[in-house]
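Trainee: Chain by chain, the residues run as shown.
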Amino acid sequence: MNKLSILKINNLTKKYYNKTALENVTLDFEPGRIYGLLGPNGSGKTTFMKVVAGLHKQTSGSVLINNEDLSYKTKAYVSFMPTENYLYDSFKVVDILKFYNDMYDDFRYDYAVNLINAVNVSTSYKITNLSSGQTGKLKTVLALSRDADIYMLDEPLNGVDVLARDTILDIITKSHNENKIMIISTHLVSEIEKILDTVIFLSEGVVELFGDAEELRQERQLSVEGLYKEVFKNA
Amino acid sequence: MREGDRLEFNNNVPIYLQVIERIKQDIVSGKLKPGEKMPSSREYSNELGINFNTVARVYKELEMEEIVFTKRGLGTFITESDMQIENLRYTMAKERITAFIDGMKQLGYTIKDMVEFIETENNHTEGNE
Amino acid sequence: MLNLIKYEFIRKYRLISIVLITALALNLLIMTRGPEGSVLFLTLSPFVLYILYFVDIIKMYSDDLNKKTGYMLFMTPSSGYRIISSKLIAAVIEGFGLLLIYFLFFALNGVYILVSLDETVDFSSIISNINKIFSGSLGYGFNIFHLFMLLLTILILIIAFITTIYTAITIRKSLFSEAKFGGLFSFIIFLLINWIVSTLSNGFYNFLSKVSPYYNSLDNIAGAGRFTPETLMMIFIPIIGFSIIQATALSWISGYLLEKKINL
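Chains as they are written, first to last, in my numbering: chain A, 106 to 340; chain C, 61 to 189; chain P, 696 to 959.
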């Protein structure tokens, strides 16, 4: 394929004092695909995303976004949804929207407002008063209301009730197009696998598996979740 | 749109195969009319709650089997060929019959038994109508 | 950049309101105890204000580096240099704001004191005195320009000081991000930086006194115990110069570390 590589990772390594979070990870991401980054706790999924988002600095290796090295500028191409509660507590939903609008050129304010209302969250709610389901929906809406090249969602279904999960998956698929890359990390493999194009299994910082979801189903006659359980049964 | 479009998928089998199966079924049962326009990849993927790449693959496969055809700029359409649809009906029916026969044989039924069973069942159903 | 500064204050809005309302309520309460209360308030409040100011300044930066809410800022496409600059500018603006608030309280209590001492508040004489200050002489050959230089020196010293604090925090969070007792570590780094800065500044002033003959008269001033306008300027200008270099260098270091070395 001759498509411009939006995200190219080469021998990415991230070491901490007492552990290696990522080890020689080499991956090429094609536009138009939804990637599932799967693995148990501590496998390096979050670290990977935070390095690409510019929140952590790699120990060695290269990350190229639109053929540029990581810098504050590449943050404009990446829309990251952390799994943690990172929103300013004292703000209301509408204040957070305004913040995003002011800080990001590609933020679609009206689109975000419509989406927020569609998922039954009012813009006048205070962040501290939101339930975990509402926070989950809000974070996803924020990330997907940006018109970025790369979206990374870290556990978007965490803390979200079963009914809201379908809504979130809906928003994800509707925000995707053939020019964008989506990377979704999750434990809840069974719920998310039907929207995944490619799956990446990460174990202790190492890529164990990288493949097309449908091909894997055909070859192994297993769901991605089944395969996940097999690969990680010892984890 | 239509009810049941959001049915649960079996994650153990390639999803695109399941969508293909469903479309073939709808064509044969008449739910999808010959020449009817299918939704775009994007629209259909939104309806089904899956990835648009999967739907694109579905359409590609169906086009290779000549069950749908694409008109550039206009979209994807169900074939208008009655013969094609008949072939499809036959192929699908044959699959089901073969599976049925195999299954019943495993229970120890002969073909004659199977035919009798079917006729009895049919009489019961007609009697109840 | 303006946006970054704007949001620093939007985030503080609630805190500022609480502090103001509390201060006003406290002031009015104390006033009921007579003019001595006002004097007490005016003398104690600067200390409280200083403490609140520095705690808030430190929190403003370290919260964004240590808490998850820092992601809001650090996911934006802002360079490390821009981030540290916006924090410093916000700190300066906040300082000015607090100073202004203090002056308002000063005026309020001042009037109250004069009134309760049965002194007629001679506004015209107050205003003419103020005019005198602004138009010319403060006595002994000093004028408004010297006052301005004094305030400027103090301001730049404060900026340099805050920069030292911020750089200590940045160094800790980037180079020693896995160290335990982060706050303690930052403080140690802060002391270290101060030691380095004061060694350098001593060297600088020594160099100055060797290079420029009239600088020696600083000792003479100390001996005579009296400032003249000229000697004051001689003291201010090197201090301002050195502090600007110090603040710039440290900001650059912080900006660089935020760009290249930070792990949130």
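These are calculated hints, taken from the structure and not from any lab test. Quick caveat, the model's predicted, so the values are computed rather than measured. A portion of the hints provided could be inaccurate.
Part of the chain A face toward chain C, derived, beta carbon under 7 angstroms [what the hints assert, rightly or not]:
no., residue
1, Glu135
2, Ile139
3, Ser195
4, Lys197
5, Val199
6, Lys203
7, Asn206
8, Glu296
9, Glu324
10, Arg325
DSSO-like, lysine-lysine: derived pairs with alpha carbons at most 27 angstroms apart [as the list claims (entries may be wrong)]:
no., chain 1, residue 1, chain 2, residue 2
11, A, Lys279, C, Lys97
12, P, Lys956, P, Lys762
13, P, Lys905, A, Lys162
14, C, Lys120, C, Lys97
15, C, Lys131, C, Lys93
16, A, Lys231, P, Lys956
For glycine and all other residues, C-beta sits at the position ideal for the given N, C-alpha and C.
Trainee: Each of the hints needs a verdict: does it hold here or not?
Mentor: Status of each hint after checking the structure:
1. A hinted interface residue such as Glu135(A) counts as satisfied when its beta carbon comes closer than 7 angstroms to some beta carbon of chain C; here the least separation is about 10 angstroms, so the hint is violated.
2. Contact between Ile139(A) and chain C, as hinted, is supported at the beta carbon level, the nearest pair being about 6 angstroms apart and thus within 7 angstroms.
3. Here the hint on Ser195(A) is broken, as its CB sits about 36 angstroms from the closest CB of chain C, past 7 angstroms.
4. Annotation: interface hint on Lys197(A) violated; nearest CB of chain C at approximately 30 angstroms, more than 7 angstroms.
5. Hint on Val199(A) is violated. Least Cβ distance to chain C is approximately 28 angstroms, over the 7 angstroms limit.
6. Checking Lys203(A) against chain C by beta carbon gives a least distance of about 29 angstroms; that is not within 7 angstroms, so the hint is violated.
7. The criterion of a C-beta within 7 angstroms of any C-beta in chain C is not met by Asn206(A), whose closest approach is roughly 26 angstroms, and the hint is violated.
8. The beta carbon of Glu296(A) is not positioned within 7 angstroms of any beta carbon in chain C (closest approach about 10 angstroms), and the interface hint is therefore violated.
9. Interface hint status for Glu324(A): violated, as the beta-carbon distance to the closest one in chain C is roughly 10 angstroms, over 7 angstroms.
10. For the restraint placing Arg325(A) at the interface with chain C, the shortest Cβ-Cβ distance is roughly 9 angstroms, beyond the 7 angstroms limit, so the hint is violated.
11. For the suggested pair Lys279(A) and Lys97(C), the alpha carbons sit about 21 angstroms apart, so the restraint of at most 27 angstroms is met.
12. Restraint check for Lys956(P) and Lys762(P): satisfied, since their Cα atoms lie roughly 17 angstroms apart, inside the 27 angstroms limit.
13. Under the criterion of a C-alpha separation no larger than 27 angstroms, the hint pairing Lys905(P) with Lys162(A) is inconsistent with the structure, at around 46 angstroms.
14. Taken as a hint, the Lys120(C) and Lys97(C) pair is honoured in the structure, with Cα atoms around 15 angstroms apart against an allowance of 27 angstroms.
15. About 17 angstroms separates the Cα atoms of Lys131(C) and Lys93(C), which keeps this hinted pair within 27 angstroms; it holds.
16. Distance restraint check for Lys231(A) and Lys956(P): the Cα-Cα separation of roughly 34 angstroms exceeds the 27 angstroms cut-off, and the hinted pair is therefore not satisfied.
Violated hints, listed in ascending order, are 1, 3, 4, 5, 6, 7, 8, 9, 10, 13, 16; each of the other numbered hints is respected by the structure.
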